[in-house]
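Undergrad: Chain S is fixed; fit chain C onto it per the hints.
Single-letter residue listing:
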Amino acid sequence: MSVAIRRLLFDALKPRETSIVELAKAVGYAGGVEGVDIIVSEVDSKTETIKLTIKGAQIDHDAVTKVMTKYGVSIRGVDEISVANTDPQLS
Amino acid sequence: MNPIARRYFVKNGFDGSMTMLGIVVGSWIAGVIEPRIIVTAGLGACLAMGISGLFGAYMTERAERKRHLKTLEAAMITDLQDSIFEEASNFVSIYAAIVDGASPILTGIFSLIPFALTIRGTLVIWDAYVISVIVSLSALFLLGLYLGRIAKENILLYGVQTLAAGAITVGLAFLLGAI
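Line by line, the protein sequences give chains S and C.
Its first residue numbered 281, the first sequence is counted upward by one per residue in this note's numbering.
Its first residue numbered 190, the second sequence is counted upward by one per residue in this note's numbering.
Chain S with its partners taken away, still in its complex shape:
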């Protein structure tokens, strides 16, 4: 049995110097990612709290978190996740 991550919603903190445009583009290049949505929910003097939604047919979770760490993003938690069973026997 194999499952694929189709959607992830991260609650994260990023430095204000990291542009959400650059971050979204970088995450967009990670394995299995087809779409990225970022919403800034809170602004502090040096940091911003973001809600980062990632969509894809088979998201590579490790690759995504690696890119986010590279851009200085601190992941506080995964608020939502959608997975799908991709076992060919089921279909």
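None of these hints come from the bench; they were simulated from the model.
Small disclaimer: the values here were computed from a predicted structure and weren't measured.
Any given hint might turn out to be false.
[Unchecked claim] Footprint (simulated), chain S over chain C, 3 or more residues, beta carbon under 8 Å:
#1 203-217
#2 256-264
[Stated by the list, open to error] List time: in silico DSS-like cross-link candidates among lysine-lysine, alpha-carbon distance up to 30 Å:
#3 335/S to 346/S
#4 326/S to 259/C
#5 346/S to 255/C
#6 346/S to 259/C
#7 346/S to 305/S
#8 305/S to 350/S
#9 200/C to 335/S
#10 259/C to 200/C
#11 200/C to 341/C
#12 331/S to 200/C
#13 350/S to 255/C
#14 331/S to 259/C
#15 331/S to 350/S
#16 305/S to 331/S
#17 326/S to 305/S
#18 305/S to 341/C
#19 259/C to 305/S
#20 350/S to 335/S
#21 331/S to 346/S
#22 350/S to 326/S
#23 259/C to 350/S
#24 200/C to 255/C
#25 326/S to 346/S
#26 305/S to 335/S
By construction, the Cβ of each residue, glycine as well, lies at the ideal position given by its N, Cα and C atoms.
TA: Structure of chain C alone, referenced to chain S:
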């Protein structure tokens, strides 16, 4: 060029031109007629300013960047060691060091060209002195114009200000020589 590199370029470039002006005018007043002495002294000063700029800017910028990174890490409550912030921090330190090290050499070396031509027998030493002083003052004026462009103000006014600094140096040196 980013603002930090711009500052380093102008500041040390100004130092380079002024130091050369000091060496050349000092030699002129002392009546040095051997161009090799001026070229050697000038190159030595250029080298010293270059190395001083290279190390000084690298260490200063690195310390500032480390401090900034630590402040950010404290705000983020996370380690940013492998992030683009660490990479940018290292890059800016090296970039600033290269600019700060190269600018006095670039601005200073032109003032020595007339003396190099004297060694080759193309120019008379006294003409070399006059041309070198004009080159140094022109470099100062150009740095002023560049500052004026950065400030988006009257570039000529900035140029005249930096030129005046050079002219005052020449004037004072000749005055001291006369005493």
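Undergrad: With a cut-off of 30 Å on the C-alpha distance, tell me whether residue 326/S and residue 259/C pass.
TA: Measuring from Cα to Cα gives roughly 12 Å; hence the hint holds.
Undergrad: If you count the residues of the stretch 203-217 of chain C with a beta-carbon closer than 8 Å to a beta-carbon of chain S, do you get 3 or more?
TA: violated (count 0)
Undergrad: Check the hint pairing residue 331/S with residue 259/C against an upper bound of 30 Å on the C-alpha distance.
TA: At roughly 25 Å apart (the allowed maximum being 30 Å), residue 259/C and residue 331/S satisfy the hint.
Undergrad: Within a Cα-Cα threshold of 30 Å, do residue 346/S and residue 259/C meet the stated pairing?
TA: holds, 21 Å
Undergrad: Given the hinted pair residue 326/S and residue 305/S, is their alpha-carbon gap at most 30 Å?
TA: holds, 22 Å
Undergrad: If you draw a straight line from the CA of residue 346/S to the CA of residue 305/S, is it 30 Å or shorter?
TA: Judged against 30 Å, a Cα distance of about 14 Å means the pair holds.
Undergrad: With the threshold set at 30 Å, check whether the alpha-carbon distance from residue 346/S to residue 255/C stays at or below it.
TA: Given that 30 Å is the threshold and the Cα spacing comes to 23 Å, the pair holds.
Undergrad: Straight-line Cα separation of residue 200/C and residue 341/C no greater than 30 Å?
TA: Answer holds: residue 200/C to residue 341/C is near 18 Å, not above 30 Å.
Undergrad: Does residue 326/S pair with residue 346/S here, judged by a C-alpha cut-off of 30 Å?
TA: holds, 22 Å
Undergrad: Please work out if residue 350/S and residue 255/C have their alpha carbons no farther apart than 30 Å.
TA: Roughly 17 Å between the alpha carbons, so the hint for residue 350/S and residue 255/C holds.
Undergrad: Mind checking the alpha carbons of residue 259/C and residue 200/C for me, to see if they're no more than 30 Å apart?
TA: holds, 28 Å
Undergrad: Next pair to validate is residue 350/S with residue 326/S; report whether the Cα-Cα distance is within 30 Å.
TA: Satisfied, since the Cα-Cα distance of roughly 18 Å is no more than 30 Å.
Of the numbered hints listed earlier, those contradicted by the structure are 1, 9, 12 and 18.
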